[in-house]
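Enquirer: The primary structure of each chain is shown beneath.
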Amino acid sequence: MSEAETPVLLQVASIETLYHDRIYALSGVSLEVREREIFAVLGPNGAGKTTLLKSIAGLLKDQPKKGTIALGGKRLERRRPEEVARAGVVFVPEDRGLFRELTVAENLELGLWGRRDRESREDVERVLAMFPVLKERLEQQAEKLSGGQQQMLAIGRALLRRPRLLMLDEPSLGLTPELAKLVFGALEEICRAGTTILLVEQNARLALKVARRAAILETGRIVLQGTPQELAENEDVRDVYLGVGSGDASTVKEWRLYRKRRRW
Amino acid sequence: MGNFLQYALTGLSAGSLYALVALGLVLIHRSARVLNFAHADVATLGTFAAFAVVSRGQSLWVALPLALATGATVATLFYFGAVVPAVRKGANPLGLVILTIGLALIIQGFTVWGWGAEPDRFPFPLSDSKVWQVGPVFVSELAVGTFVAAGVAGLLLYLLTQRTRLGLAMRATSENLPAAQTLGIPTRAVLAFSWGTAAALAVVAGVFLAPALLLDPFFMLDPMFKGLAAAVLGGLNSLPGAVLGSLVLGVAESLFGGYVALEFKSSLAFVLIVAVLLVRPEGLLGKEFQERV
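Sequences listed follow chains A and B, in order.
With the working numbering applied, the first sequence has no gaps in its numbers, which climb one by one up to 264 at the end.
With the working numbering applied, the second sequence has no gaps in its numbers, which climb one by one up to 293 at the end.
None of these hints come from the bench; they were simulated from the model.
Warning: the hint list may mix true and false statements.
Straight-line distance between alpha carbons at most 25 angstroms, and here's what the computed DMTMM-like set of lysine to aspartate or glutamate pairs gives [said to hold, decoys possible]:
1) B/K89 <-> A/E83
2) B/K287 <-> A/E16
3) B/K89 <-> A/D62
4) A/K209 <-> A/D95
5) A/K66 <-> A/E32
6) B/K287 <-> A/E106
7) A/K61 <-> A/E37
8) B/K89 <-> A/E82
9) B/K287 <-> A/E83
Computed list of chain B residues with no C-beta within reach of chain A, every gap over 12 angstroms [said to hold, decoys possible]:
10) F4
11) V97
12) G135
13) R280
Built from N, CA and C at the ideal position, the CB exists for glycine as well.
Looking at chain A on its own, in the form it has when it is part of the complex (with noise of 0.2 angstroms):
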């Protein structure tokens, strides 16, 4: 490998997680994260995604059962959201997560929540500068914003938290091809600057351009793991999940075909 290994940021190991004590929603999900990179997670819907984030922000009713969550070494399985946040993880669901009665900046403003230093206001100039759109709308409500404000506006107040750890859930969800290669572009910034990034995405050939590795969940199970490149050389992968493998998997037939007929 060309880049030097990072040390290991988050470490999940052997998590389980159930829905009402009986289906398994995650069944022994482990991966690392090492510090700034972008770690794409990669799946079909129902398989786990989502529950893997929610998991690890501590907001699922069902917390995990087993297995352990860990930042920088110190453990987060089973802790209320508010002490992840505290820990530097924060967390941009698929619905973005924003106030949608509160103005741009009061969402901003709850952004810097707990933060009493001088450069807030400079990390509030940033984000502005970083997606100008917000600017001008510093006084409107969330949710009169379109879709691709609204996730520049969850990611930016995601940011004035400082954290270690940005986890989104879905963000090109929505977006236009263009809106998201912007948001796309936005986030491997965020990650030169310093920012690990965690994301799930269903969009996966933009999700490998941005990851330097990523994994492949699923029905709650990490199939797959590597770098891109590794990912691209699966043929099922090219298949399913890139669309330009020899088969067509695009069709439903096609994907009951894949189920049957799959290694893993």
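With chain A held as given, fit chain B onto it using these hints.
Expert: Positioned in the frame of chain A, the structure of chain B alone reads:
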């Protein structure tokens, strides 16, 4: 004309008391999705605390803060002791409502045990019978005091929610709890503060209503239901709506009692609710009802 103004003025004074109750109900409903049926009883307990202090010869300026603290403490303890554990176990809103009814009954028992069910006169520095004439209408010292107290309390609540970071956190927490949690906002403390604030507002109403009536363990029930009606009228999730609904209800009630039939004065509240909800199901200033899935 003079009569009309007089009725309207009396209505505004009553409406301002309803507003204090309604604001608290809305505050709690917005943040916890719960109708707090113990609201009246928490206020009653606070008022009795004030009564105990005042009847020992202390001034109202000592009694009032103590009463507010009593109400706020009970509400906060109830939040931490009953609501939080129930929510953690996955209680639904109806279960939480039953919990508040339980608290109401407990407090009722406690006030009856502590002070008896016999009505008492509440010694108060502002008099109900000392009246000024302003143009064609008469206003009592107590009515003016009530109106001013409600105005000050309402203004403080406005400043709190709209001008402070804590208030911002209150609005954020009530709108989207998980989002507030993931930003590291101490949501439990913020919610507990909302419960305490709501109780304090109701205690203000209790302390200013008691001298106009006689003090007994159930004297807040009527304003509680009126406040609830006003809150629904204004839109259960809107603080300005609660004030508007209360003033509309107070004035309408007073005019109806004066011109039509005193016996049905209280029934009017509910006729008014039905009428408004038929036209605007979300209430006067309420947002259209949306349940996040």
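Enquirer: Indicate, hint by hint, whether the structure satisfies it.
Expert: We went through each hint and held it up to the structure:
Proximity of B/K89 to A/E83 is assessed by CA-CA distance (about 20 angstroms); at most 25 angstroms being required, the pair is judged to hold. Note on B/K287 and A/E16: the hinted pairing is violated, with a Cα-Cα distance of about 40 angstroms set against a maximum of 25 angstroms. With a C-alpha separation of about 11 angstroms, the suggested pair B/K89 and A/D62 falls inside the 25 angstroms cut-off, and the hint holds. Restraint check: the Cα-Cα separation between A/K209 and A/D95 comes to about 23 angstroms, which is no more than 25 angstroms; the hinted pair holds.
For the hint linking A/K66 to A/E32, the alpha-carbon distance of about 17 angstroms falls within 25 angstroms, and the restraint holds. A C-alpha spacing of about 20 angstroms is found between B/K287 and A/E106, which places the hinted pair at or below 25 angstroms, so the restraint holds. Distance restraint check for A/K61 and A/E37: the Cα-Cα separation of roughly 29 angstroms exceeds the 25 angstroms cut-off, and the hinted pair is therefore not satisfied. Taking the CA atoms of B/K89 and A/E82, the gap is near 18 angstroms; set against the 25 angstroms cutoff, the hint holds.
For the hint linking B/K287 to A/E83, the alpha-carbon distance of about 32 angstroms lies beyond 25 angstroms, and the restraint is violated. With a cut of 12 angstroms on Cβ distances, B/F4 stays outside the contact zone with chain A, its closest approach being about 38 angstroms. Its beta-carbon lying about 20 angstroms from the closest one in chain A, B/V97 satisfies the requirement of being farther than 12 angstroms from that chain. Remark: the non-interface label on B/G135 is consistent with the geometry, its nearest Cβ contact in chain A lying 42 angstroms away (cut-off 12 angstroms).
No Cβ of chain A approaches the Cβ of B/R280 within 12 angstroms, the least distance being about 19 angstroms, so the stated non-interface status holds.
Going through the hint list in order, the structure does not satisfy hints 2, 7 and 9.
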